[in-house]
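Engineer: If you want the building blocks of each chain, they are given just below.
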Amino acid sequence: MRATAGYVVGIAALAACAVIVHAGPSGGTVSGKVTYEGTPAKQKPIDMSKEPSCAKQHPTPITSETVVTGPSNALDNVVVYVSAGAPDESAPGQAAKFEQKGCQYIPHVLAFQVNQTLEISNADQTSHNIHPLPKVNREWNKSQPPGSAPIDEKYDKPEFIPVKCNIHPWMHGNFAVLKNSHYAVTEGEGGFSLADLPPGKYTITAWHESYGDQSQDVTISGNETKTVNFVFKAKPY
Amino acid sequence: MGKFFGVILVLITLVSAYPIVTHKFVQPVDISTHGHAIDEQLADTMAEAGLAFVGAQLLLAFFVWKFSNRKDGSKVVHLPGGAKLMVATAFIFIGTEVLALGVLGQKAWADVYFTAPKPDAMQIQAQAGQFAFYFRYPGADGRFGPLHPDKIDEGNQNYFGLDPANDVEARDDIVTAELTIPINREIHLLLHAKDVGHSFYVRELRLQQDFVPGLDLSLHFTATKTGKYEIVCTQLCGLGHYNMKAYLNVLAQDEFDKWLKDRAAEQ
Amino acid sequence: MEDAAVQPVQVHAPPEGFIRKFVFSLDHKMIGKQYYGLALMAVFMGMVLSWFMRFHLVWPDAKIPGLGAIAPTGAPGGVITPEYYLSLLTMHGTLMVFFVLTNAPFAGFGNYFLPIQIGAEDMAFPRFNMMSFWTTLVAFIVLVSAFFIPDGPPISGWTAYAPLSAVGKDAGPGLGWGQNLWAMSIALFCVGQLLGSLNFIATTLDLRAKGMTLMRMPICTWAWFITSCIGLLAFAVLLPACLLLLLDRMAGTSFFIPSGLVVSDRLQNHAGGSPLLWQHLFWFFGHPEVYIAILPAVGIVSHVLITSMRKPLLSAKVMIYSMMSIGFLSWMVWGHHMFVSGMNPFSSLLFSFPTLTITIPATIITLIWLGSLFGANIQINSASLFALGFVSMFVSGGVSGFFLAQPSIDIYLHATYFVVGHFHMVMGVAAIFGILSGTYFWFPKMSGRMMNETLGQIHFWITFVGTYCIFMPFHYLGLVGNVRRYSSFVDDFMAPLMPVHKFISIAAFITGAAQLIFLYNLIHSRFRGKIAPENPWNATSLEWSIPSPPPWNNFGDKHPVVFHDPYQYGVKGSKGDFVMQDSPEQVVGGWDK
Amino acid sequence: MASTVVQHAAPPPLAERHGRERATRSGIWVAIFAITMSFAAFTSALMVRQGSGDWKHIVPPPVIYLNTVALLISSITLERARNRATSGSRPQLRNGLPWIVVTFVLGLFFVLGQYLVWRQLAAQGLYLATTSNSSFFYVFTVMHALHLLGGIVALTYLIAQITSRQGQPRWSLFDGAATYWHFMGVLWLYLLFVISTRL
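Protein chains in written order, with this note's numbering: chain A, 1 to 237; chain B, 238 to 504; chain C, 505 to 1097; chain D, 1098 to 1296.
For the record, the hints were derived by calculation from the structure and aren't laboratory data. Each hint should be verified, as a subset may be incorrect.
Unchecked claim - DSS-like, lysine-lysine: derived pairs with alpha carbons at most 27 angstroms apart:
#1 673/C <-> 135/A
#2 465/B <-> 44/A
#3 821/C <-> 97/A
What the hints assert, rightly or not - Computed, partial: chain C to chain B, Cβ under 10 angstroms:
#4 660
#5 761
#6 780
#7 852
#8 860
#9 864
#10 920
#11 924
#12 984
#13 991
#14 992
#15 996
#16 997
#17 1021
#18 1034
#19 1035
To be verified - Sample of chain D residues with no beta-carbon within 12 angstroms of chain C, all distances over it, derived:
#20 1183
#21 1191
#22 1210
#23 1221
#24 1225
#25 1261
All of these numbers come straight from a predicted model, not from anything done at the bench. Where a beta carbon is used, it is the ideal one built from N, C-alpha and C, also for glycine.
With these hints in hand, go ahead and build the complete structure from the sequences.
Structural biologist: This is how it looks when you write it as structure tokens:
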């Protein structure tokens, strides 16, 4: 009896959320494209011969991913987020998933919120080691044998954290721990869009693991879409 | 009970000796020019130590069998010759053995360590780091770019800490994850440790040498058979120690040249 | 001077109250038992750790029930991670080498029997003696506490090679506080052993009873004396090494850390240190440590063998001189652990020769045993069986030393299972056989009750055959080149050796389980065993001239006077075929003349 | 070995009580041996370290020589105490008391002086981990100071024993303490040499 009551309340709550979310256009949008100019460093193919179970998953060897580019100078794996102007938000319920597959981190750059659950899983037939190298957050270093349960972790301060696997030196990734939910990670065309921004003045920042970050201010008045583009200077080495 | 002890010990001795005598467990084929000396040394030692082992165990077994819980009571006798005999035996047999092994051993050891590499030996740098080996070929200019530890960026596969932007020599350096070498050509391997102690061990080459941080050692050897062999780390270096390995790929000269060209293109 | 014999000088008052009797006891006998108990705890812990390792090696993905709860990060869900395997390996080695092989045969039996065998009432410095034990106990607690800290025990092996052990947590889990605890524990342990050795030496030199000339001391007393001399030097070197290591780790100095190391993508802020320095300091202790473990066992086994052979050794003098020369040579051979560490190749040869030379006194010892067995009348019982087993193990473990002593062969065999087999047989199993032999031999004296003979012999047969099944195959694996300290064998050439590893693991489980028989026997006999007479083995040395268990001041009011060397067997004496050391009847011959 | 009974010649007697006296002395010498050994280990480390290029030499503050003098004098005063004590027919430690106290004070002076030395070095910006030489300087001086404190504790115990009512301290206690004290002096001279000259 009480249980049913619980369900009813729960469903009501969900419905309410749904209504709030879909209550028409609740604010402006910032969208744009991230590109590079110049010649980016050549990405070398990775030799995984030391880990046959991974090597055979890549008939043509994958290359390192510090600079991933798309058509017409699009720059991928750039985290675009609202660095100032937006209020801090509490972490969403669902976990951010970080997978190790074919001795590669998927995704290479994972953006998630402060205190959001980070779920790390190992899909390979070999042990992996996850060693994020934070400066302000708590550091940990764990290994994950094949077939073992996912590791759940949280970060309580915003930070860009390089991640490495101690067992496979070529495996490097990044965590972007952010204060609010207004963020995007560019891929393919290098485009991004930050929606649902209530009217106000914002600082939009784009961060790239080897090219550093750039910021631009933008003012949203009401329900409009502003375009912001970022151009990074590519280094040959 | 004493007899039982004798029997068991004889069994243990014979069973222990069996796999050795029948060569069940032996070192793999030797592909180096110096390895045969080591193998002979190992064989000689095995013969001498083996005899000592079997002899002593059987003697022990026999004595315990014969002289335990004797019916004829406490009438004990002493070994003719006594301690002097024992000391003499030890000195004569083991002494000569020690000398023999010591002297022979020197030769085999000298083959590896007391000879300088020929000037035309091919220089390759091997770097050991947690937990992989990487190898560097000097490239067209035949010179290695200097190392800058602060420049090391594994995510970008800059394992050695090269700085091609500023060092011209570094631009054509070829970095690979497997040690590919031409057959019958002396290789001068320069060992460099990136973080902690590691070791370079190739069974087929009969070679083992530690990488000691801050101390750049080198090895030189000549491979006489083509094929793919495993390089493993034998110095405890951390959690990935078991997984720290690379392949040694011995190719015919022309194949090697082609391989090197392809790698150069990748850089 | 006669008065000295009738009215003893009291070292300390008879202990009163539980605390003084059993906890902070000054009585060398209680301290000896405390050491033995500590060793017992350590050896079973170490054994369980080795079980986990053997289990993981052959069934890498299998879950070990309960382990997940003990080590949630080290073994998530009971599956051992690579780093936890190394933690187990490090702790197994440290526990066994320091807290078992050093504590039981030397500090344990030595403390209990050295004063009695030389007719003293206690050690020279009872307070130091007590401190020595309690320091060791603290060291043990500090070490074991590493299991319960977040990032677990260190993963750098019992040799803790720098810079892996020195650079800190960047180098991997367990190398943060785990390694600190390890270094602190070992430093404390050194202090404890130094106090102990000091006590042993002073006691042996100056507290011998009337008539107990040096050459009338039992062989095991000699062994303990020589061992304490070795220990004094060895631990006096390891202590500074550990302090320097701690400074490197906690104060940012660079004794062992060179410049330009990049660990986990972090450039280490150190310069100019030498990793080889640690290896030199460590092995300068480390090799003598081998003899610290084995010499007391040699002494105990000789003592037991002589008693059960009912005849003296061919020459106890030669035995003693051999032990001395081993002790002496043990100082010139540490470098044979570093043949492939990049030492000057010439020094490798310099180290190789004395190493080979050590086999001469070792062989003499073995031949003396064998030769003495000839024409003996061996009384077979648990004690003598373990003693004979020791002789066998000593030979098996010794011959493999031939290989590793030669740099040229070491190039191939270094860091393979051959080495593991070698030192487990000669240092591990052999020494433990010595301990067990001593236990079955002296238990009646220590507890006043006999141990169960049947259980003892069952224990022996399983252990004897079992240990050969475990450690012989190690040598075979080594010959193929199977590398040690791997948490799993991913290399193509090691995979085919898996069946051998399975065999070893199963043998290890069985042999280990058999030790429970011993534990049961020990505890059961302590309370239910039949009452032991004063001298159950018809032995001659002083410990058998006093009640079992001995009173708090060993010899009561009388002061023992010694008339013979300790091994007057096979003579028509008052009590049969032997003459006690303190019986005034004169015997012609004997090696003290 | 047939047994024939003759009267036995008693071997040289070794009565416990004399043993204890001797034991203290041998104990001290054994300890000295061990300490020497561990400082030898430190020295070997120093030699290796000096071998590696980046060796920067530092000058110890002059106070250190004042301390040295104090320590040497303390050894002399301790010997004075011995003479005074043994002047009578049978050793009377009570007679030596004043000189023992002087020694004790000088010992404290030395330790305080060392503390001053460390402070001055710190003022120069030379800390434990600053240079390889400063590391060794601190390690050597601190280790020596710790060992000397052991000697000071022994002297304290000795003084307490002498001054206490029924206290009749064993002569070997003084003798041992004195031996150890002199050794500390010798050890210090050695360390000073090692620190101030490049091996």
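Engineer: Hints numbered earlier in the text: which of these fail when held up against the supplied structure?
Structural biologist: Hint check: 3, 11, 17, 18, 19, 24 fail, others pass.
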